[in-house]
Each structure stands twice: as C-alpha cells, then as structure tokens.
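Chains as they are written, first to last, in my numbering: chain F, 921 to 1324; chain S, 921 to 1324.
Bear in mind the hints are in silico, worked out from the structure with no lab data behind them. This structure is a prediction, so every number in the text was calculated from the model and none was measured. Keep in mind that a hint or two might mislead.
Pairs count within a copy or across copies, as identical chains cannot be separated in the list.
[Said to hold, decoys possible] Here are the simulated lysine-lysine pairs, BS3-like style, with alpha carbons at most 27 Å apart:
#1 K1011 - K1025
#2 K1249 - K1235
#3 K1248 - K1173
#4 K1239 - K954
Number of protein chains: 2
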Amino acid sequence: MINIAVLGYGTIGSGVVEVLKTNGESIRKRAGDKINIKYVLDIREFPGDPIMEILVHDVNIILNDPEVKIVVEVMGGIEPAYSFVKEALLKGKSVVTSNKELVAKHGAELLDIAKERELNFLFEASVGGGIPIIRPLNQSLTADEIVEITGILNGTTNYILTKMSDEGMNFDEALKDAQALGYAERDPSADVEGYDACRKIAILSSLAYGMQVDFEDIYTEGIAGITDVDIKYAKKLDARIKLFATSIREDDKNVYAMVAPMMIRANHPLYSVGDVFNGIYVRGNVIGDVMFYGSGAGKLPTASAVVADVVDAAKHLNKNIWTIWSSKKLELIDINFVKHRFFVRADRKKASISDMKKLFGEITEVPEVVKDETAFITPLITEKEMKAKKEHISGMLGSIRVRF
Amino acid sequence: MINIAVLGYGTIGSGVVEVLKTNGESIRKRAGDKINIKYVLDIREFPGDPIMEILVHDVNIILNDPEVKIVVEVMGGIEPAYSFVKEALLKGKSVVTSNKELVAKHGAELLDIAKERELNFLFEASVGGGIPIIRPLNQSLTADEIVEITGILNGTTNYILTKMSDEGMNFDEALKDAQALGYAERDPSADVEGYDACRKIAILSSLAYGMQVDFEDIYTEGIAGITDVDIKYAKKLDARIKLFATSIREDDKNVYAMVAPMMIRANHPLYSVGDVFNGIYVRGNVIGDVMFYGSGAGKLPTASAVVADVVDAAKHLNKNIWTIWSSKKLELIDINFVKHRFFVRADRKKASISDMKKLFGEITEVPEVVKDETAFITPLITEKEMKAKKEHISGMLGSIRVRF
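Just chain F, with the same shape it has in the complex (with noise of 0.2 Å):
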C-alpha cells in the first residue's frame, strides 16, 4: 500500500478522492501497489462528507508523518502551494501537482529538488488538463528537436469564440454564457487576457526546449478585442479566430514565444478543436507533425491526468524520471522582430484600398462585411513595423494575424 496526501479539497482534488475510488481496481494493476488516501488537507470543513474521517487542517501532519509518500498539491495559486510542495520534496515525499502557477514560475527548481533527492515533481495536469502532453514530450518526442508548439491551451476563450463563430453572440453574450456554464470565472481575466494560456506555453515550451522560458518574457495579448464583425471576416476568408499560444524556433535556433489571437484555415490541425475543447500541436525536425487533442479542464479529465502522475510516482518511488527543465534563462527573441501576415480593418473614408497599397506594397484586399470598410491582408512583416504603419492607418478598426 502506498499512503498519499490530498493539499486542497475543491473541485479537482474531490475529482482525484472520485477516479481513485471508481478505478480503484485497475489503478492498483497499474501502480502495482495499492494508492491509499491517507490525508486529504483543506481549511474548510465537509460536514457529511466521509471525506471529513481524513481531513486534516494542519499541513505538518502530513509533511512529518514518514508514511505518506507521494503529495498531491491541487490548491492553486504560489503561496501557500510553492512552501508546502518544497517542504514536501524536502522531506522526501514526491509530488503531484495540477498548478500551472506553480510550475510555471519554479518549475526549474523543483524538479532540481526531486532530482537531487531520487524523488519526482510531475504535472502533467497542468497543461491541456486531461490531455497527455507532458509525458509526451518528455518521454516520447526525445528524438527529435522541437521547433514548434502551438496550443489552444484555454478551454474558456476556445468556448467563447466557437460561440461567438458557430452561434454569432457577440463576445459580451459569449462570456455570460460562458460564466452561466461556469466555464468562465466571474473575473474573467486570467483567461480572456491570454494569462493563463501563456503560463502553459511557458512551461511547454521549457520543456521543448530544455530551459527556463519566463512567462513575463512571452507576449500576451488576449481576445477581449475580438468583435463579432472580426468572425464575420473570418468566415469570409474561410477561417476561424483561434487564441494561438505559440513557440517557435527559428532558423538559427533562436525561440520566440506569444499567445495572441490567430485566423487559420482549415488545413490547420487546430482548425477544428472546438468548444472547451483543447489542441496541442507539435511539430519535430524528424517526426514532422503532431497534435494531441482532448479535454483541457473540467474535473474528471483533470483529475485523471493527476491519477495518473500518482501512478507514474508510485512506480518510480526512490527513482527520479528525467526530465530535461534546466534553471538556465532561455532568452527569447524580442517579438518585434517576429515576422506575420495581419488581417486589418479600417474605416474606407479614412484609408482607402489605395492608401494602404501605398503602405503596405502588396496587399491582398478581402471583401467588405460592414458598409465602407476597408478590410485587406498585409504581407509578411515584422511586428514593429506593423506597430510604426498603424500609425498611418487614422480609421483603424482593428487587425489580427493570420497563418493562411
């Protein structure tokens, strides 16, 4: 029997006390041991809940008791998560854990604790919930240099802007929506700003990389500008409005990393990952492409991912599963000199077809949607001089980059 801790008893962290129940059996077959909850912590209390005959309010009981020894952190947020999951590796407990926050930000120096200590710090939760990725790359994609992962890594703005293109809601009307689902927090921001999204692709891509990509460095910009007019267009040219969060290593092996909103087409493999739905695609200079698809949240799906960390630790108890995360800044590539193509918007009695031909060069122009706009395709430039000819564009509605 392997005893294992519980740090937080809200909505995943009852899924995990939920999967370890119903497939008791075979998880047993799996971690060829028995996983036994001994202590579930949280300050509330569950009057009712059987829950309540281990639950516990005080963490040092289960950081001081030498049977517990693998620890499920599912609170989220850094503190008090990042202290007691540190504590925990100190004391010889591995750990689980689901908080994107927390691996984002120390995520270096935790696996550098497990490692010294022949112990693991895994999380694979903590991106694209259910969706296998972590182990993936670490384990299965080792042949291979990645040069590029892009995910839709935000199940909320994903179920916004499938609303949004399939139901034609503007974005207010997809976010209530949303929020009535409870798909969306009452303050939005951490997923509609794009936060969210660029602390996975900042933990991916340390991954993909092999060291720390600082998720301050990674431009952000999120889909609260997305108007239902920019659908409307998108449609028109075939595509969807995704919010992209990318990495991409260039030729001379240098990365940037943004999360923005994106038009692709249909032969995109994002193109159809729909709803709260998940996309992570990967693309490798041997293996080419891949996409892994699946539930990015939710309780179960998150819950399963966390299960199966468990399992993964149970079997490597005194072993420390390489994981190639070094502690040394990857300095990325300053995004103005990131090069895309913009779908732009503009009022036509302030910027004709034929001024922005005299801007742009070659510009491939798209056909009106609203009364008087001009609406047209950029060629590839850099971000910074998309910034310097906005200047220039005095009824500027609006642009969006395009990978079509």
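Starting from the known structure of chain F, fit chain S onto it as the hints suggest.
Relative to the frame of chain F, chain S by itself:
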C-alpha cells in the same frame, strides 16, 4: 556510451541511422549517454555507404557481443525477426521494434521475457508511425478504464479514401496514385484489405485491456468495395468514409473489435484526419475523449518513434518499464451480436423504399445520387440481423456502417 545494433537497413533502419546522426547531441542529453550504433545487420551490401564499416551479415556477431545493450529490429515480418528478438532478450539485451506483425503475434511472450530479466521490449513505432500512442496508453492513461479505441491506423487506405473524396477519383485511380507515390505496395492487399490496421488495433486493444487480443479474432473488412458512388452518397450526408479500426468495451465489460469502413460526420474527432495521416481516438471512463494525430508512416517519423524507444531503453538499462499485456486471451464478443446502423444502396426497381420500410421498420431515406437507386439508413440492428435482411434485398448494391 551505449552500444546498439540495428537489424535491417531498409527504409526505417536507414532512418534510424539518420535520426541518430542528425539529432545526436540532443539525444545524448535525453538519454543521459551517447548512443552508438556498433552494428547494422543486413543480408545486402551497400557499396559506397559509410554504413559498410559497421555492416554485418551474421546476427550472431551481435547476439554474442556483450557490449551491445539494445537491439533495434526493423526488418519486419515474423521470421527471422521473432527468433532474433527472442534470442537477443534471452542474451540480456533490450529490444526496440517497429514490427507490428511480430508484436501482434508474440508481444505478450516477448514482454514476459523482458520483464523476467529486467530488460525492455518497446514497440512505439509498431502502431501509428511517429504518433506517441503506445507510451501514452501504458503510462499516461493509467487512471482510466479504456472504453473505446478507434483509429485511422493505415495511411495508404486513408490516402486512397481522401483522394476519392477530394478529387472524385474512383478506387482504382486512387490506388494507382498511391502506388506511384510509394504510399502503396505493388501488392496492396495488406493495406487495402485491412490486415495492417487489424494487427495494429490488436496491439492497442491488448494494451488497453491488459490481455491478449488475437488479431485472427478481429472481424476485418477492407476498402476495396468502396465505390465513387458511395463517396457521393457520403457527401450528400455531410459525411466521410474512413477505414476504422476499433475496439469497444460495452457496458457488460465485454469487448468487440473490428476493422471496417465507417461513415462519420464532422463531429467525430477523426473526421479531419486526411491524406496519409493517422489519428487515434481513445475514450476513457474518467478522462473522456482524447485524440492523437500525426504521420502514421514514413521513414523519419517512424524512425523518430524507434529512436525515442532507444532513448527510453537506454534510460532503463536494468529496469523493466511496466507494461500490462497478459498472455491470457481476451475472448471478444461475437461480431454477430454487435449493433450498427447501415447505409444501404439498392436498385429501386428491385427494392423500393416501401419494400425497405417493410423489411427494416423505421428507416432514414437518403436522396438519390444515382438515378433509380433506393438509398437509406437502417435503424440500429445487429450484424446478424443485417446479414439476414440482406438476403431479402434482391437489388442490393452495397452497405456501409454509419457512426452518427
């Protein structure tokens, strides 16, 4: 330095040599040691190729060299691959293979031998080419009970069906096109008749359910009977025809498995898997739907998967990676008792819609694509019932299972 030997210098074997050369430095980091190819075995000579320096014709040189820790078998076919692999394991070497025939037939036995000796027998490349699917099934989806695996597992047939659908080719034209591009063999029966997909779904099912699924037990139907008229009807129904290799665990925990063409619509995760790509959809009882997509064949993608297994074997030189695949046979449900809906075409003069209504009860009529045809979709009925009813449709022109 870890010495390996490669058995077979064909497409995949030369790909393995190339990948280890191209990405040698990053592979060294991932494996924790340099991977050195000490021997390549082939009966042929390769004048002018630097491989000549390490080419041997006698497998015993490899089997008897204690410095060789990992043997890579990429010859294909049952013999002599089986004898070589078994002997290598018995002599204390881990084995990596891309050989689906070998794994489907002898996987359980070879895994047992490896387990007893704390060695590894790894076969990621045997299914789905470069797509990580074996390792995710073994190591990532461990918290779930798998209730369905459905794959588009054969690139050749998927290419043919895609060409028929996108470019209006008939079957023979599309097959010739695939042969011209090297996607199909001169004798295409292993692909076209579904035998290749059958072995692959046998492997995935054995891993998912932990017991031996004999490929001989799997009902297998190819795509040679699919006509351009069928494709036109599929389009009329907003559907596509895909060769599905599927195994499903029903409520009573019994499993059925089959390979057969299937009509699906855009809401199925495998709908957009086109061309020579493969896609594998897995449904777990807690994780829900996940899907893996990528190049299902090809020199470098397959070699990438082989080398990733070499890296894993190198990291686990004296430790068996736990894989649950007992040699105990899983008795599949008799396909006669499995239910589907069927799309049916018949000569209207011999089989009118009202005749069909009498025969099947509730049917869904499909507008005719070819003059004087009766086309419809049956209610959910067993394969046995369908076979019996077919006897009563004198002008029967074809039927395809429907999954929507």
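Are any of the numbered hints broken by this structure? If so, which, sorted upward?
none
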